[in-house]
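Can you build the whole structure from these sequences, using the hints too?
Protein chains in written order, with the numbering used here: chain A, 1 to 308; chain B, 1001 to 1428; chain C, 2001 to 2374.
Hint data in this document are derived by calculation from the structure and do not stem from the laboratory. Every residue gets a Cβ at the ideal spot worked out from N, C-alpha and C, and that includes glycine. Check each hint, because a few of them may be wrong.
[As the list claims (entries may be wrong)] Among the chain C residues that face chain A by a calculated CB cut under 7 Å, a handful are:
hint, residue
1, S2211
2, K2216
3, P2278
[Claimed, not checked] Distance ranges between label pairs, derived from CB positions:
hint, chain 1, residue 1, chain 2, residue 2, range
4, B, V1274, C, E2220, 26 to 36 Å
5, B, E1373, C, D2283, 33 to 43 Å
6, C, D2326, A, S63, 55 to 65 Å
7, B, F1177, A, F294, 38 to 48 Å
8, C, P2278, B, T1210, 24 to 34 Å
9, B, W1396, A, I159, 14 to 24 Å
10, B, T1210, A, I159, 35 to 45 Å
11, A, R93, C, A2064, 39 to 49 Å
12, A, T172, B, W1396, 37 to 47 Å
13, B, L1178, A, V71, 29 to 39 Å
14, B, T1305, A, L290, 33 to 43 Å
15, B, A1296, A, F275, 56 to 66 Å
16, A, F275, B, L1178, 44 to 54 Å
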Amino acid sequence: MSESLLYFFQQVINGLTVGSTYALIAIGYTMVYGIIGMINFAHGEIYMIGTYVTFIVVTALASMGIEFLPVVLVTALAISMLVAGSYGYAIERVAYRPVRGSKRLIALISAIGMSIFLQNYMRLAQGPRDLAMPGLISGGWDLSGEGPLALSLSYMQAIIFIATLVSMGALTWFISRSRTGRACRACAQDQGMTSLLGINTNKVIAITFVIGAMLAAVAGFLLGLYYGVVNPMIGFIAGLKAFTAAVLGGIGSIPGAMLGGLILGVTENMTAAYFSTEYKDVVAFTLLCLILLFKPSGILGKPEVEKI
Amino acid sequence: MANIKSAFFSALLTLFLGVSVMGLQLESAGIKLGVQVADSHTFWYLGLAALLVFGVQLFRDKLPRLRSDPEKRFEWPEVFKGEQRQRMWMALVIILMLMFPFVSSRGWIDIATLVLIYVMLGLGLNIVVGLAGLLDLGYVGFYAVGAYSYALLHQYLGFSFWEALPLAGGMAALFGFLLGFPVLRLRGDYLAIVTLGFGEIIRLMLNNLTELTGGPNGIGGIPKPTFFGLELSRRVDEGWGTLHEFFGFSYSPVHKVIYLYLLAFLLVLLTLYVIRRFIRMPIGRSWEALREDDIACRSLGLSPTWVKLSAFTLGASFAGFAGSFFAARQGFISPNSFAFIESAIILAIVVLGGMGSQLGVILAAIAMILLPELAREFNEYRMLLFGLMMVVMMVWRPQGLLPMKRPQRRLDTTRLASASTGEASNVK
Amino acid sequence: MKAAFKKTLLSAATSIALAGVAVHAVAADTIKIAMAGPVSGPVAQYGDMQFIGAKMAIKRINDAGGVDGRQLEGVVFDDACEPKQAVAVANRIVNEGIRFVVGHLCSGSTQPASDIYEDEGVMMITPASTSPAITERGYEMIFRTIGLDNMQGPVAADYIIHHAKPERVAVIHDKQQYGEGIATAVRQGLEEAGVDVVMFEGITAGDKDFSGLISKMAREKVDFVYYGGYHPELGLILRQSRDAGFDAQFMGPEGVGNPDITAIAGDASEGLLVTLPPSFDEDPRNADLVKAFKANDEDPSGPFVMPAYAAVQVMADGIEGADSTDPYDVAEYLRSHTFDTPIGQVAFDEKGDLKSFRFVVYNWHKDGSKTPAN
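Structure follows, in structure tokens:
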């Protein structure tokens, strides 16, 4: 392959990786939105908590002398999902359930407040500075060419991409096939009617939040391993991008979150590759505006029907 | 003790949440990441917190409910009722506000000025969010446009504050108008994200266009407003001279702070007055009509395009005024001052105030800016408390501090009788 | 770190409480010094450095009998590194009648705050703000005990031209005042010497993924990268460069030169070039002071610790030397005298900058240590 073609494909791979990290977080966002129609601004913070817990578990295991990789990874993932799930549950009970009947803006402000709270809570709990952990999984494949210009794909990049696909698939299955998933969809349609049919809507919504939080923990775990750094602010930045991705793909649609994330990631990287790194966010947001201009409810979102 | 199970569960959950992130402390020891068990204080506090949760949950039914009754509307005490009395009270408040800087200290005057800037911003955003019901998460962009308009006009063309103020408002309005176009078709959360993106684009452009805006270095040396051409400073190189020389009193730097405060106050009064007029005009009513029902609004012959555009444009222009005033107060601006969190704070002011209510916005701005200032003693916990306050306020009073009341006039029955006979023209 | 911080707080609280007792006894006899910087917010960790340095200086000066027999009293003000809050803090400091300020930390806060101090005749010494703009306005009351961005840039450029001699250079920065300032100075130095700067780009602070940038640098066949900014981003760039097989020589300013960069980048930090002020905590003359910090469980190696110490000391010496607590007299005295501080001989020029502040190029190693390059 010629050099410029190699470069192009390398940048596509880079973009797809960044995109799947956005998608991984965006899936949780979009699921909660799809079912109760609220933007869970604190979702990024749950992701941040998941990363912290991963760091704590991995370091604690290492200090106990346990370094067998599968054990470390499974324990870290399981514990961070458990903790994140509990946080998701608690947040829903404290900050969202009491305002559920009110206007949507109220819930949004409550969520922004929660997000600020959690950021500072973690800052007090674990300190404000960047903490770093050595990578556990390194190496990769050289797909074509060699040297620094080779087209390469690292194991972590592949794992993140696959994990995003798997989470998407599992979630889609859960929503469309399982009993609870059906109850979730019923809630999304009409909460009043659902509860009349004997389904505990409070429980269904709580489950939605717990699953959303667990997905955020999966993202926190993987990205924590991939980048190897954490600080209390990572959730906010990642959350904003994930939110953008979710809306771009059509908020509420799970494949949409994936597609939105990938488009956003590739656009950013292409801008950085052929234009300038400084303008990648500007281009990303401009693209968002343009797409919404022509598809006002995102790429895969269902158009809102005006009922008269 | 029906609650004992749930109380136990809640206490356990609290303990788990706390211990899971605080029980082990990550520490970077040199270049390695280490972990150590937190000191015993942490565990005592967590245990205490769990016990507290247990207690609260156990006696949940007997405790007063946190949430205020949404049906119960705030009623003004009798002394505040009636147009005559209200005017009197308002005059009294204005006089008190005018007297405030002369009896207060410099630090407080400055905080009050900051509060007034946020009141202005809150009132402006209130048009878009509270009245027209369009969720705008990028309002800070217009604030930035206003601030940079003044700074750039001063830097390149030597404009003074008073010359730049209307232009800054105009520039912000223009940007509001430009944003209005693409978002006309969008609704709800899609609108929110596009406005958020727009605000970010403005901030990033200001940061990237280093040749024009100084990029991250910002723009410094922005002069304070003058008093009819007289400067409020110790000495002046050119122009008309200084205020204290002109009027022959001795110079004190506090005058500058007081002057800024008074200006901010006047600008807020003006903003209040103008928006109050707008609300009562057909255009204000059409904003509310749009908020309540898009389709009904259209079928009544109101053009949603025009209504939305006017809300965006007018709302943005007030942010522009506030922005140029902010630039004057700071003397130095950089893109960092216009991050997303500012938008969130302004939005929180509007929602907390009770969407659409002007008095509510004022009270909320005071609460949002003043409480963190008062909490300065808890430096470390300030932002934590700020976040918590936003949640608690929403749970406590989801309808806002002072929900909006539509301007209304009750008909007295005698007039009503005559009105029914055909003299409906003088009844509003 | 956390434990150290708690102890600091505790000891600060105790000392303030004790000072409070003293205040009642001899109220007029303390001289208040405001310490302004971020206690909260994302850069609070740098604020910490400034506070421990200043507090240590206050404690040691007081233990030695104070200034002309008067005790110093430190008061902490939190500006969260936000310009808006910095102005509010400055007004409060003026309001409380404090005439001496150590701070602020971020150039973005120092700049608007210094307008107020200058106006009010409050003396300010910043131990951390490196933006040249701060002292370019001809102010009387504004000093600093740290080097400027445009002092560090030429040192780096000089080293690149004469020692590294690269073919194709990329200059990257984080689009913030500090990073872009240094990066611009470096680029200017390089271009004047005819070195080929093939890339000059900004990244976003807080980003985590730099693979796109690294591929781009690899394609441009860059063999030397200068990064203007702080350690979290450069650490990730190094780490991801290593993974991508991109092996150019990297160099950064003092914002990247702390052990955390090795914690993030691991082995990839071996051989990184860093311009740093000479490490004051390794200076044998400061051994005693370093021991005092260590006894408090505090880390004296942070770049702003010793400059903050020096700032307080210079103030105290100035007050003593001028025999006056009028900031104008003290400022006058500072300009005309030389002081012996933990950061070496300190003398100020007309603008309030240090007459000399040396930067040295170091080689960074993968165990977090450093050795002088060349």
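**Those earlier numbered hints the structure runs against, lowest number first** = Those not satisfied are hints 3, 4, 7, 9, 11, 13, 14, 15, 16.
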